[in-house]
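Peer 1: Sequence:
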Amino acid sequence: MSYPRVCQFKRLALGLSVSAAMLSSAQAQTSDSQTIDELRAQLNQMQQRIEQLERQQSYGASNNDQSMASNQGTSSQSGAGQSGFNQSGSSQSNASKDAYGEGTATGTSANGEEAQLAQQNQQTLQEMQQVEIGGLLELSGSVNDWDSQSKDTSGDLDFGKFVVTVQGETGAIDYSLAYRFYDDYHFLQHGWIGYNPTEEDSFKLGLVQTPFGNMDYGYLGWYGNLGYLAGFNDNQNAGIKWDHSAGPWDTSLAFFKSDSLGDGNEHYGANAVGDGAQGNSEENQVAARLGYTFGHDTDYAIQVNVSAKGGQLYNRNTERSGDNWSAALGVDGSYGNWRTLVQATTYEYNAKNPDEATSGISDNALQIGAFNFNYLIPAQGEIYSASVGYNMDVDWGPVESLYFFNDFSVIDPSNDFTSLNGGFGDQQNPMVNDLGVQMTAGPFFAWFDIVSNKNGLNYFGSPVDDGWNTAFLTNFGVEF
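Numbering (the numbering used here), first residue to last: 1 to 480.
To be clear, the hints were calculated from the coordinates, so they are not data collected in a lab.
Fair warning: there could be bad hints in the mix.
Capping the alpha-carbon separation at 30 Å, the derived lysine-lysine pairs in DSBU-like fashion look like this [unchecked claim]:
#1 Lys161 <-> Lys257
#2 Lys352 <-> Lys257
#3 Lys151 <-> Lys161
Can you make the complete structure from the sequences, with help from the hints?
Peer 2: Written out as structure tokens, the structure reads:
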């Protein structure tokens with residue numbers, strides 16, 4: 001109960017008053033009147049503080065008695081009034097209460113408004129704290145074995161990219177975007193708004209990642225593999241996606257209205273180029289993926305997944321529609337510090353192209369583009385890829401971890417194909433291998449890749465021949 005404590009405050013106040021009188025008498029004999037006045041002022045302030053504490057105590061006692069009399073309604077009103085007092089610390093609201101804390105209608109209304117305003121401010125602050133703004137700055141260096149200038153100068157060091165990221169959540173709604181800036185072009189890498197009705201289900205609307213093959217990337221190194229370069233792994237499209245996770249099962253369904261935002265080649269994942277010489281654009285695509293993880297929630301887990309994608313292949317030059325489809329079987333294994341990826345992909349583009357003489361591109365090839373560059377892939381074929389990685393914690397000053405990796409991939413065209421001369425001709429199967437290591441030191445990182453290419457797709461910058469051409473790449477920067 002609070003009443004005995006109120007009595008104690010009154011006794012203390014009386015004692016202070018008596019002490020003040022005695023002190024005044026004593027000081028009158030030995031000190032001047034100015035010192036006595038200062039002491040009296042200090043004692044008066046202490047008495048006022050005690051009276052304020054008495055009002056607070058009696059107000060709390062009144063609320064406790066009301067709470068005991070009624071368990072519903074009154075307790076919430078009492079809490080709101082106390083919250084208003086605590087948030088504002090206003091003497092005006094205290095003045096509207098009598099000695100027992102019974103406020104007038106004006107005081108109750110003011111406290112309610114203050115409590116509501118404080119709650120709104122707190123909610124706004126929490127929402128702001130849930131928004132994460134970050135980014136990345138990266139510089140890139142390269143030296144290769146086929147260019148005489150590169151060998152003479154030991155390569156180049158250039159601006160790589162600058163990335164701005166924003167992500168956050170508000171209740172069941174979340175969102176994420178990443179915008180990339182390169183030397184002479186820029187694009188939205190991904191951007192979506194999500195809704196999570198349950199812990200197992202999520203919906204994403206916007207430029208989202210296609211559920212296909214091994215996720216999230218399908219490779220382990222910095223450079224990527226032919227599955228990525230051909231537009232199947234780590235590819236973003238514009239539409240809506242549903243993801244469902246239930247224990248070891250992972251299911252994804254998606255509908256994409258278009259392959260990317262725009263018909264050009266200034267985007268992250270490779271897609272058919274609507275404004276290119278062939279003029280194909282992937283529209284109204286449907287994708288599905290199903291995965292099962294053996295050893296779910298353990299350090300030794302293997303996921304087996306199957307996926308498929310297909311839809312309309314519209315040609316903007318002939319204004320006719322063809323179709324395309326692809327399917328993949330993937331295995332993703334994690335064994336302690338080890339990681340392995342294996343994937344087999346088959347695909348076919350049945351395009352309604354303009355005449356080969358008009359476009360200058362063989363019907364056995366499909367023109368695709370990414371990163372402000374167009375190149376050719378076989379219109380039909382199979383892609384095989386395999387990756388292995390090992391993560392190791394170290395204590396080398398600021399360096400915290402090393403990640404070793406190797407990505408190998410090959411394309412087997414179903415028909416005659418070459419990445420040169422508009423696809424007219426034939427060449428051996430394109431191959432690419434990326435061997436390297438990533439070093440991490442807090443927010444700082446560095447990738448070192450030895451990328452070798454044979455019978456390439458003409459995206460590499462190397463000669464397209466039956467020999468191996470190699471480049472040493474380094475990419476380093478800071479995340480913030």
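Peer 1: It remains to establish, for every hint, whether it holds in the given structure.
Peer 2: Hint check:
| no. | hint | result |
| --- | --- | --- |
| 1 | Lys161 <-> Lys257 | 29 Å, holds |
| 2 | Lys352 <-> Lys257 | 19 Å, holds |
| 3 | Lys151 <-> Lys161 | 24 Å, holds |
Of the numbered hints listed earlier, not one is contradicted by the structure.
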